[in-house]
Structure formats: structure tokens, C-alpha cells
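Top to bottom, those sequences are chains A and B. Those letters in the first sequence? Residues 241 to 351, per our numbering, in order. Those letters in the second sequence? Residues 84 to 544, per our numbering, in order.
Don't read these hints as lab results, they were simulated from the structure. There is no bait here: all hints are sound.
Output of the computed footprint for chain A on chain B, the stretches with three or more beta carbons under 8 Å from beta carbons of chain A: (1) 117-131; (2) 230-243; (3) 459-468; (4) 495-501.
Residues from chain B that face chain A, not an exhaustive set, calculated with beta carbons under 10 Å: (5) Pro-212; (6) Gly-218; (7) Ala-227; (8) Lys-531.
We put the beta carbon where it would ideally sit given N, CA and C, even for glycine.
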Amino acid sequence: MTTNAFSVLPGAVSTSLVNLTFNGQLRRVPAGISVAAALLGSGEMRLRSSPVSGAPRAPYCMMGVCFECLVEIDGVPNRQGCLISVQDGMQVRSQEGRAQLAQQQEPHEHA
Amino acid sequence: MHSEPDIVVIGAGPAGMAAATLASSGGARVALLDEQDGPGGQIWRSITAAPEARLQTLGPDYAAGLRVARDFAASGAEHIGRATVWQVTREGVVNYLHAGVSCSLRAKRVILCSGAMERPFPIPGWTLPGVMTAGAAQILLKSADTVPTQPAVLAGCGPLLYLLAWQYVRAGVSIAAIIDTTDASDYRRAMPHLPRAVMAWPYLQKGLALLRVLRRKGVPFFKGATQLSIEGHDAAQAIRFTSGGKSHRLQTELILLHQGVVPNTQFTWALRAPHSWDTAQLCWRPDVDELGRLQDVDQVLVAGDGRGIGGASAASIQGRLAALAALQDLALISTDKARPQIDAARSELQRHLRIRPFLDALYRPKDANRIPADDVLVCRCEEVTAGSIRDFVKLGCSGPNQTKSFGRCGMGPCQGRLCGLTVTELIADARKALPEDVGYYRIRPPIKPITLAELSSTRDN
Chain A
241 MTTNAFSVLP GAVSTSLVNL TFNGQLRRVP AGISVAAALL GSGEMRLRSS PVSGAPRAPY
301 CMMGVCFECL VEIDGVPNRQ GCLISVQDGM QVRSQEGRAQ LAQQQEPHEH A
Chain B
84 MHSEPDIVVI GAGPAGMAAA TLASSGGARV ALLDEQDGPG GQIWRSITAA PEARLQTLGP
144 DYAAGLRVAR DFAASGAEHI GRATVWQVTR EGVVNYLHAG VSCSLRAKRV ILCSGAMERP
204 FPIPGWTLPG VMTAGAAQIL LKSADTVPTQ PAVLAGCGPL LYLLAWQYVR AGVSIAAIID
264 TTDASDYRRA MPHLPRAVMA WPYLQKGLAL LRVLRRKGVP FFKGATQLSI EGHDAAQAIR
324 FTSGGKSHRL QTELILLHQG VVPNTQFTWA LRAPHSWDTA QLCWRPDVDE LGRLQDVDQV
384 LVAGDGRGIG GASAASIQGR LAALAALQDL ALISTDKARP QIDAARSELQ RHLRIRPFLD
444 ALYRPKDANR IPADDVLVCR CEEVTAGSIR DFVKLGCSGP NQTKSFGRCG MGPCQGRLCG
504 LTVTELIADA RKALPEDVGY YRIRPPIKPI TLAELSSTRD N
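Pulled out of the complex, with its shape left as it was, chain B reads as follows:
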């Protein structure tokens, strides 16, 4: 690298683009590293390459990413796409792979904007071909105009599930059924949060409008679904569930699962930063201050869904807050000048977060779909069942790390991303302990696979 950047931003979603844009216009030399070709993250995936018809299908919230991407492109921040970051150190060194070559940057500040991933959905048959996440199906639509050929079944709960259904309706794709796990107890839990959510009216309005379209189009809807299980030998053939006191079996070769998103915390865990268990969102969040400064790690900040799920608008504000903090640290903006901007962003953030307690309560994923029965695979990579993990606990296994030596749980290529939350909650349940006492896997770099040949091909030295 010819000149080292002041700030490295990781991730080109709403938080990353906002952080890079503001930091760059504030006078910092900024490099933004991202795994995709173009900017957008998952929510605005392929936004700069989207033809008009696709923008129409995906709706205005998707198209809103265009302006953000344009501002980012004009900001002067360097965008390094197809970069796979495999290590961030506490000293601000960022190691990544680019075109098969290992590269390294050293920054004064690193802003992690690694976003969210879909929560694991461990039910019988979830590893079969023909089962994927709703987010995966949406990425196929966003990045490749690719949609199900046969009517698909959508199952689970949460805004993304209904949004995908709405987008499919607009694309002319038929939906076999939406199997919704939300039941009356969820509405009761959410009700106390409704007054606050009403203050975030645009969000509620959008959600209600979307559900109305699905109803009007006559998409079959099963409410309060329990006992979900997918049948098939080499591929999915049917889904079974109970709804309205009756058991159902729908024949289908494509099942799209979703039960919310959770912060992608691989980097912050690998940095050995402290994390807390969020009892409302049922996931870990890194401990950060209000600007996103990571506790105990001076040179690293976190913005966006990676510090707790807040959605795209909140992420973008957090990106700006982190950029302001970094600019202050680098003495590129005075405290006096930063203060009013920070205050304005903070109150804007509060407005956007008002809807969250309601959504978190209403779409709280069911215990049975997070802490599965004994025969369900929890660790997809090493094929470890919930029953095996309960057996490990009986033998004295007290936390996720020990499941590795008991049965290779979490040691496959996904490095615990698809089983970590389940393992924490499962052990906590079996031990009658709190997730915080059980802890999480010890995540180590490289957090993405890199060959020795790639590692030895460094461009920098």
C-alpha cells in the first residue's frame, strides 16, 4: 500500500458507507474493505448494478441505497471490493485477501461494520438441500434476478420473511404458504411496547401495508405454527407443522426459513472484546460506548447491526457517530464542532430505535426453534446433535469452548457462526444457567479460510 489510511472501515453496508463517507469528507484518508464486488452490504446488495425493473420489484427501501452508494462513491474514500478480511488486531492492523494475495493495512482507527446474519433455525431437516434462509433467497433476487420456479414455503417470523414474500408477489413469484411461528402470546408480550412503536409510525405503517398486500393476494397463511420439521432423504420434500390445533404436511421442494437477524460478532470476539447477552434480542452484542468505541480495544469502533440489531437507518447513523468519534481521536475535528453533530445524530438514532422493543417482543423466536430436541443437528459442519451437546453437559462440559474437545462442535469451516448461539442457549438451558455464565466460543484468526500459499504471497513486504 502506497499510503497507509487513517481509518479502515470494514463492510460496505449502511453503517460502513455512512462511516466512510463522513470520515472522508472530514479529512481522513479512508479505505473501506468489503467482501462483495460492489457496495451495499446485504440490505442493498448489488445496488449499483441493479437494473430499473429490479429496483421496482424490490421496492423503495432498497432503491434508497442508490443515493447512499453515490455519496460514498463521491466521498473520496477508497473502496476495496472482493476483500476478505481474515484478521483485525487490537493495534489496528487489518489483514485481508484480495485477488488471491494476502494484503495488510495499518490504520489509526478501524471501524467494524460487519452487520448482521440470520439467526440459526435448527429444526429437523434444516441441513437438507432445498432448505435455505429467506435472506439467501432474497440475495438471489437482489444479485441475480433468480427466483423459485415452484411455489416456495416461507417459514418462521420477522420482518424479512414478510418483506421477501411481498417482493415475490411483486415479481410474480407464487408462494405456497407462509408458516408463521408468531402466536397470541407474542402479541401479548409486544402490546406494552406498542405506544412507543407508534412514535415510529413509518415503520409500523410499512409493515402493515406489506401484510395487507399478502392478505389481498391470498397467500396462504398459517399462524402460531409449532413443531416444524422438514422431511426428505437427499433433498427437502415436505414440511410438517402444527397450526390451529391441527397437524399439517405441505409437499414442497423449497423451504425458506427465517427467524430474525443477529449481530455478526466474529471480529469483536476474535479481538477478545467483552460482550453482553441481550435478553430482548437473544444474542451477543459487543460492549461499546454510545459512539461505538469498543470497550478495552482503543483503536477499534463498531457501527451498525454488528453492535445490536437496529436496522439500516439506525446503522447509518451509528456509522456517522463512529466516524465522528474517530475524527475526534485523530484530531481532525474539534470536540466543540463534533458535539452538535453527535447530539443531533443521537436523537435521530433514538427515534429509529423506538420500534425495536416492539419488534423484538413480537418476533421473539420460539424456544423450541432455538433450543431444539435431541435429534436435531446443531453444528452443521461437524454434524453434532443437540442430544450430543446435552450429553457433553452431563459429563461436565460447562461452555461452548469445551464442546470442541468433547465432540468437535463449532470446529468446522463456519467457525461456529451457524451453531454458536444455539450452543450457548442449549448449554445454559441444560445447566439452568444464564447465557452470560456459559459464554461463547473463543474465536481465533483467520476468521476466513486462507491457504498457506495465499498467506505467503504477501504484497506488502
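So that you can see chain A by itself, here it is in the shape it has in the complex:
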């Protein structure tokens, strides 16, 4: 992607922002939106690679049926990014190939 595929409408009422990281990089994103929407709006498209061929994948349906937005959130793999709202301090990682269940960390800072 040369430019961001998506961005927030200029006239949109600005809500409060929260901080999250994607693969360690800080992103300031609107509160109250889904993780997938926040990542798309901040310039990400590819959120994972397929477990079979390693092909790049991106959110496809945004309503919880396609499972293409699976990401690792706060150490827990296989989370549906389109169904989970952003939280301040959330650590999101792209899911490369198969989920690393064996290396799964204890979910921390879980409210």
C-alpha cells in the first residue's frame, strides 16, 4: 500500500482517543471502535497471513463471519478483531501463519 486505504472522515465528530500498539508500534485511534476498524483507519490492511500458504490476508466481512481479521490481542491469539473494541493500552499483533498456542502467554492486565 502506497497510501492509507482508509481514513476517518474529516467532518467526523472527534471522540476521545486511546493508545494501542500494533506489532509494537504506537497508534492513537478513536475510542469505541473495533480493533479491525482502528487498524484499517490507521493505515494497516494486512492483519495476518494464512496458516496454509502464508498468503497475506485482510479483514473481509467486518461482521464476525469470515475470520480474516484474526489477530493476537494482549497475548491471546485467534481474536476476531472486528468484534472487539479498542481499549487503552491494548497490544495487538498480526497473526502469522498458525496461532502459536504453545507459546501463549498468560493474558495480562485483563480488566
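Based on these hints, arrange chain B on the given structure of chain A.
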């Protein structure tokens, strides 16, 4: 749970909210479970959180959800948002995840209002980043004011495609092109249904007005498009197609696909309920009676697009019908009192459904976009191509279930949602059989992923 509800409604779209509102005002204890934070379903997604500017952009049909959501909020029904239901049993037990904890409710009646999902659109390149559904793009607009930065290409057919284009125009978002797969043969097929559709004039009028706006704004329109294919290595770069006897290639990094919506039938399949193939809508519908009672499953009813595509208004009436049936079953309303309400709702429903045969015929997705060529991926999760599935059939594979053992088709995280219809139709085509003879996947709970840790963290026992 302190007190078990009489009725559990699943899904907070038009059908679910209407069912819960009526059931609750009829004296039943009602809990409504939904995957989103707020009510609205997909059609009224984020309706209670929408700022005025967004309501203006999305138009009056979206804003109409506000009143429905307010009635629902005032009804006394308990709304449990962010609830992921992973199992419904024939006995009315509903198992769901809420805030990482596994919860369980037992109801006397369950009303499934799981709505619709967009039909799979298997064409070359449809798995590339930069390709998503028109509905997904609309959800970004509805829930996050997020829109394409570069002019996007919209491709396919059906009301939602043109509605999204109209909303983009209102939001000031430019559209590179609409690549429409509808051709002259579709108009010929639809014509006999037009007189009946004219009786549903508001629907036709709305559609025509919307198309007029797109024309006036000069949105490039390609008609009768065939041979759609998306190019790109790591992301979409261009779309190729044929239209007007010429082949075209449009450079674009964002392609929004849509060819209609189909019932989301995961729950009814998992309940082992009988389903029939709808030859007009080219999808499965669960067998229900006119009130929505699911055949062979006494405690479960279905309302809304999950029992066949009818749109938001029809869904809301079906929600009321299902609620009336449930209230009767629970002896909270007498048959005498329910009868006139049911009759009124039934004739209202017929009025709203008059437009459907016309729409179904006009926007019937093309065979080539449902039963793709050999090299196209059908199962996105396990990366199984149409060619592989045709090979399975040659080796004796007779239905979707067997494709699992032949090649893991349908065994990924989406549990067949994005390939099931394609696999059924593809096998039927290869076997020269009917979809009904080919069948569907055997869907098993959990129908949503749940970890063992979550499963063992039950709040209830």
C-alpha cells in the same frame, strides 16, 4: 443468572429488537444476546452511538433504527451486548461468552434472529488484502466514520452495492467505478415480477432515486460485467473484467464486492433442523411455519433474514410474529387475543415481501460468480480451490461433508460460512444433481471459537 428468562432472543437487529420488545411488553421475562456493544444488528449498526452528521450521511432508512432501538430500550427486555453465543440446544439452553467468561441461560423459548451475511463472491484474487465486501465497507462507515482514501471500485450487484455508493456520494467519498454484473437477461427475468413489485412502490421509488443520484454525480458505470478477476501479489492492484464487448483493466487498491445477502443459518444447521434450498434466492432457509416455529425443534423459533431474505421491515414483522407465537406457547396471551395481531402482521408482511421476487430475479448472482473456475479459491481458510473440489467429486465425493476428509474444505475458523454455499452449488453442478440432494456441511457447536480456559470459567455453576 439470578432469574432465568422465559425467552432468549439472539441478535439485536430489526427482528431481534422487535421480538424482544413485543415479548417483554407481553409480560415475558426476556434476555436479548448480541455480539455487538449496542443494539442495531448490521443494518442499524452503532445506531445508538451515531452522531447527527453520520445519521445525515447514511440516510433516513438508517436513522429509522433509532426509534426501534429506543422502544427496545424502554421495553424492559434485558440487553446483553458483547455476548458471543456458541451453542443453542434443542432444549432451549443458550451458551455464550461474555467478557471472557462462559455463561449459560435456559429459556422456555429461544428466538433466533441471526440475520443475513453477504453471499460469498469467489473470483480470482478475492482473498487479497484490498478486497472486502461492500457490507464491510459500510460497517466501517456506520461504526467508525471510516471511508476509502482513494477512489474505490464497487463490483457485483444488488441493492446494498448501490446504497453504499449513494452513501459514499453523500459523504463526499469518490468512487472510481461501479462494475455491475446485471445484464439484459436479468431484466428479462425480472420483468414478469414487475407488476407485483409496483405494489411495493416505496421500495422501487427509493431504488430508482438512489440510482438517479449516482448517474447525476457521474459515477462511472460498467454494465453487464463478466469475467471479473482481481490482480495483485501481496495486495490488490487492479480489477479486470469484460463489459460492452470490451475487456477493461482498472487500477485500484480497494475493491468492494457484493452480490446479495443470504440467511446466516449456522444455528439452525447446528440444531439439525431441516432446511430447504430456495431456488429464487439461491440459498438455504430453515423450514419454519408462518410464525417462525422451527420444524422438529419445539422450543426454537426463527425471525428475520435468517429464515429467508426479506429486508429490515419484513424482519421486524417476523420478529413480532415469533414473539406472539412464543407468548402463546407460554400462555401469556390467549389465542383469541393473539389472532387479530397475527392476522394484521401477516398481511403487513405480505405487503413488504411483494418486492422480493422482482429483486431476487433482477439481482440473481451470475453462475460464474457462484460456481467459479478451477483455479479460484473456494475455501478461504484452508485454501481449497474449485478445481480440487471438482477432483474430489471425480473420486466419489458426493457432498460438502466429505470435502472435509478429502481436503479439509470448510474446516477452518469460519466453519464453512464463506464457502458452504459455493461448495454445495459446485458439487451439485459437477454431479448434475440438485443442491437439496447434495446438502450442506454438518455444523457443530461451538459455532464461535472458545478456548478451554474460557469454557472452564463458567459463571453459572
